[in-house]
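Colleague: Here's the letter readout for the chains.
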Amino acid sequence: MRIMIRFCLITASLLTTGVLSSSAENADTIRLTPMAQASAEQLRLPGRKPSPYEIDWSILVEWEKSQVGSFNFPFPNSLQV
Amino acid sequence: MGKIPGGLFQFSVPEFITSLKRRHVDFVCGQRWVENGSDGWKTEVPFQLVRRPSPKDGIVPYIPYRATLSAWVKASSDRVDIHLRFVNRSGRQLDSQVFWICLLSGTGGPDSDQLTVPGFSRETFFSRQGRFQPWYPQENSFVFMPAKGSALTQLGWEHHEFYRKRDGTAIAVQQHLAVDGVRAAIIETQSGRCAVGLTSESAAILGGKIMNPCTDLGLGFGPLSDGDVADLCATAGFVEGGLPQLKKNISLVD
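So the protein lines, in turn, are chains A and B.
Counting from 152, one number per residue, gives the positions in the first sequence under this note's numbering.
Counting from -9, one number per residue, gives the positions in the second sequence under this note's numbering.
Worth flagging that the hints you see were computed from the coordinates, not collected in a lab.
The beta-carbon is built from N, C-alpha and C at its ideal position, and this holds for glycine as well.
All the pointers check out, no bait thrown in.
Computed, partial: chain A to chain B, Cβ under 7 Å: (1) 181; (2) 183; (3) 185; (4) 196; (5) 199; (6) 204; (7) 207; (8) 209; (9) 210; (10) 211; (11) 212; (12) 214.
So here's chain A without its partners, still in its complex pose (with noise of 0.2 Å):
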């Protein structure tokens, strides 16, 4: 047996630029934010400070986000990369 992957491409689609819109218009449920873009709200859902690296390379993913603000960490001190 193997696997079929068949949603793994992105259409060419991806590789224009549109008008600019909110990406999470187009997400019923998943918003993206990237996290060197990302809202003091968004940054103090995890409870840490990011590490430098995050802001470069991280991907804020929020699944039902009308729900997050009941997520609240206390405030942070590291990250473990």
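Since the structure of chain A is already known, use the hints to place chain B on it.
Modeller: Relative to the frame of chain A, chain B by itself:
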């Protein structure tokens, strides 16, 4: 919907670059994400690595050779699609390498010991011959590189064999049957079970620490001649219904 009370995941796109030649990883830096219209986010930058991989030292970037790294991420109702493009502009051939994609679902709180996704299973899963299995025994017995890289797909074994034959040496990997290119986890909520998973037909290495927890894939590519382009795609599924539903939604077919 409304299944995840406060779930916060993180993708690292990509986190580091490595190969199956030797036990070493180089952190990637310098991604500059901008909105890509209605198609999510994109970055296109010169390929840069971190010279001193210590958070205390901050980011000290350097360019190991000329190359371009692009990435696109896009969310839809039940998945996130990730596309990496790497263009070799070094003027020489580059050996086969692996870009590491991390899907982090934990590491929160002041002591980094709390989950950022309440109800997320500490045990995560991988697939072999179409069947999900617990990850911990694999991670515990077969780990061969940082980020708990602990299993090779067929592509991974091909990379490994290439280095072993050409150079007479490669990362020491305990023999095991090739695995499928998927890592997954379940989330128990008050209203039922959900699942998340990361899959790619370019997967070469499976990894991700139980302790974080995270579910990671190393996407293999190359060798690349000067001017060659590597396109790598991965999909993360976010579904209600557990692993069977995840398998169905991200089209894992026996």
